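Everything in the sequence shown is counted per the numbering used here, starting at 1 for the first residue and increasing by one.
The set of hints was computed from the structure by calculation and includes no laboratory data. Predicted, not measured: the structure shown is a model, and the values here were computed from it. Honestly, I wouldn't trust all of these hints.
Here are the simulated BS3-like cross-link-like pairs (lysine-lysine), alpha carbons at most 27 Å apart as the crow flies [what the hints assert, rightly or not]:
#  : residue 1 : residue 2
1  : LYS360    : LYS383
2  : LYS415    : LYS343
3  : LYS267    : LYS170
4  : LYS200    : LYS91
5  : LYS175    : LYS200
6  : LYS305    : LYS91
7  : LYS256    : LYS85
8  : LYS383    : LYS415
9  : LYS200    : LYS164
10 : LYS267    : LYS305
11 : LYS175    : LYS262
12 : LYS368    : LYS381
13 : LYS343    : LYS200
14 : LYS176    : LYS267
15 : LYS164    : LYS175
16 : LYS343    : LYS91
17 : LYS305    : LYS343
18 : LYS262    : LYS84
19 : LYS256    : LYS267
20 : LYS176    : LYS200
21 : LYS85     : LYS305
22 : LYS200    : LYS170
23 : LYS84     : LYS415
24 : LYS175    : LYS256
25 : LYS383    : LYS368
26 : LYS343    : LYS360
27 : LYS176    : LYS256
28 : LYS175    : LYS91
29 : LYS360    : LYS415
30 : LYS176    : LYS262
31 : LYS164    : LYS343
32 : LYS360    : LYS91
33 : LYS256    : LYS91
34 : LYS176    : LYS164
35 : LYS381    : LYS343
36 : LYS383    : LYS343
37 : LYS267    : LYS200
38 : LYS84     : LYS256
39 : LYS415    : LYS368
40 : LYS164    : LYS256
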Amino acid sequence: MLTARLVRNGRKAFGAARTFSSLPAEAHDVASPSPDTRPAYSHTPAGRNHLFVPGPVNIHDSVLRAMHVPGQNHRDPWFPEFYKKCLSDLKMIFGTTDGTPIIFPGTGTGGWESALTNTLSPGDRVVTFRYGLFSHLWVDMMQRLGLDVTVIEGRWGDGAYEDKLAEVLKADTGKKIKAVCVVHNETTTGVTSDIGEVRKTLDAASHPALLLVDGVSSIGALDFQFENWRVDVAVTGSQKALSIPTGLAMVCASDKALGCMKTATSKRVYYDFADMLRLNPSGNVPYTPILPLLYGMEQSLNLLKEEGGMPAVAARHHRLAEGCRAAVAGWGLQTLCREPRWKSDSLTVIEVPEGIDSQKVVDIAYAKYNLSLGIGLADVKGKVFRIGHLGNMDELMLASALCGAEMALLDAGVKLTPGSGVARALEYWRSTARVIPTREGLMQ
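Based on the provided sequences and hints, a complete structural model is requested.
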């Protein structure tokens, strides 16, 4: 009775009469806090940081435990068999039985350099595509290594244009082009190019050029067929779909690519295939490996195998991406990639409405909701934000990103109905969900 009377008498009476610790203070009764003088970003909020950039990505608990090891000597007798298994197990994500995997302590960028310098010489002509920041950066590396680069320019949001490649190859009557280089999954724009069609284009032109592929944000998440597509060098990195920390550059090379080492005159030292190939067959390495990351890699590969191998892994990524794209449609927004065949299952890149700065969406998401989203880069800076959904990811994890993104969009001034995107994603995932293996008995 007392509480009811106080509430009826208005906010002032309620505030004045509050004496019970069980009654929470109302927001407008609390004095504004003093300005926080602590260093920026020094406060650790409750809960966890919600990481949804397209790399680095979320790391599985079992992988973290596998990496928690003391210092060890890689010259002890146990190491060779362990390392040979690491190399053999990597073949699964590349989609090969005959390719030669090589693991460098480094990043995907180092993998790029190894692919170019071990197969090509300064002055060699190469053809590549530019449709995002990372394809641009690979072009920059090619030029700085002294290669003669023909760039096929594309809209940022499109993939590799096979018809334009066909024109370039047809004009090369002397077969002077030594390599065609393609970024499989461009994380600037959320585009996955069709490497199988690129291979068909090379074959239709009867062209002998090498096929070099950046699979940094695709291999381990998307369908990748090293042998069927006759890829000559493919590159990926540990911090993407394999869901371990940054620090490993994984490369897979064909016999044809390895044969090119004999004539390639590009300078190479640290990323020289020859040093690795001399020692890897016996399970040894030319310099110190990053053992914790190798343990993490093995556990991550075990998880992918238990899931059902790469077909099951790629299906999971497609399903997650479809739910995310359903949310974008529910918001009334568009993905930067318009062509369905090129839409990436590793990440979704979303255009914001005219007059909205996408950086504001990303900043609000981090400042208010502890959600890390990908920013717009280079030519699409301020125009898009990116939601990564590759690697160790499930529906409920991605749903949290969509909730945070939806709130940040509203806070940034985007006109949408609360729940409109999240509801679309949840309905899609609920209607397509399957029981987790070994838990079927609970559904009887």
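We went through each hint and held it up to the structure:
no.: 1; hint: LYS360 to LYS383; in the structure: 10 Å, holds
no.: 2; hint: LYS415 to LYS343; in the structure: 25 Å, holds
no.: 3; hint: LYS267 to LYS170; in the structure: 31 Å, violated
no.: 4; hint: LYS200 to LYS91; in the structure: 23 Å, holds
no.: 5; hint: LYS175 to LYS200; in the structure: 17 Å, holds
no.: 6; hint: LYS305 to LYS91; in the structure: 12 Å, holds
no.: 7; hint: LYS256 to LYS85; in the structure: 24 Å, holds
no.: 8; hint: LYS383 to LYS415; in the structure: 16 Å, holds
no.: 9; hint: LYS200 to LYS164; in the structure: 13 Å, holds
no.: 10; hint: LYS267 to LYS305; in the structure: 38 Å, violated
no.: 11; hint: LYS175 to LYS262; in the structure: 20 Å, holds
no.: 12; hint: LYS368 to LYS381; in the structure: 21 Å, holds
no.: 13; hint: LYS343 to LYS200; in the structure: 20 Å, holds
no.: 14; hint: LYS176 to LYS267; in the structure: 21 Å, holds
no.: 15; hint: LYS164 to LYS175; in the structure: 17 Å, holds
no.: 16; hint: LYS343 to LYS91; in the structure: 25 Å, holds
no.: 17; hint: LYS305 to LYS343; in the structure: 26 Å, holds
no.: 18; hint: LYS262 to LYS84; in the structure: 25 Å, holds
no.: 19; hint: LYS256 to LYS267; in the structure: 20 Å, holds
no.: 20; hint: LYS176 to LYS200; in the structure: 19 Å, holds
no.: 21; hint: LYS85 to LYS305; in the structure: 14 Å, holds
no.: 22; hint: LYS200 to LYS170; in the structure: 14 Å, holds
no.: 23; hint: LYS84 to LYS415; in the structure: 55 Å, violated
no.: 24; hint: LYS175 to LYS256; in the structure: 17 Å, holds
no.: 25; hint: LYS383 to LYS368; in the structure: 21 Å, holds
no.: 26; hint: LYS343 to LYS360; in the structure: 25 Å, holds
no.: 27; hint: LYS176 to LYS256; in the structure: 17 Å, holds
no.: 28; hint: LYS175 to LYS91; in the structure: 31 Å, violated
no.: 29; hint: LYS360 to LYS415; in the structure: 15 Å, holds
no.: 30; hint: LYS176 to LYS262; in the structure: 18 Å, holds
no.: 31; hint: LYS164 to LYS343; in the structure: 20 Å, holds
no.: 32; hint: LYS360 to LYS91; in the structure: 41 Å, violated
no.: 33; hint: LYS256 to LYS91; in the structure: 17 Å, holds
no.: 34; hint: LYS176 to LYS164; in the structure: 17 Å, holds
no.: 35; hint: LYS381 to LYS343; in the structure: 20 Å, holds
no.: 36; hint: LYS383 to LYS343; in the structure: 18 Å, holds
no.: 37; hint: LYS267 to LYS200; in the structure: 32 Å, violated
no.: 38; hint: LYS84 to LYS256; in the structure: 22 Å, holds
no.: 39; hint: LYS415 to LYS368; in the structure: 19 Å, holds
no.: 40; hint: LYS164 to LYS256; in the structure: 25 Å, holds
Of the numbered hints given earlier, the model fails hints 3, 10, 23, 28, 32, 37; all others are met.
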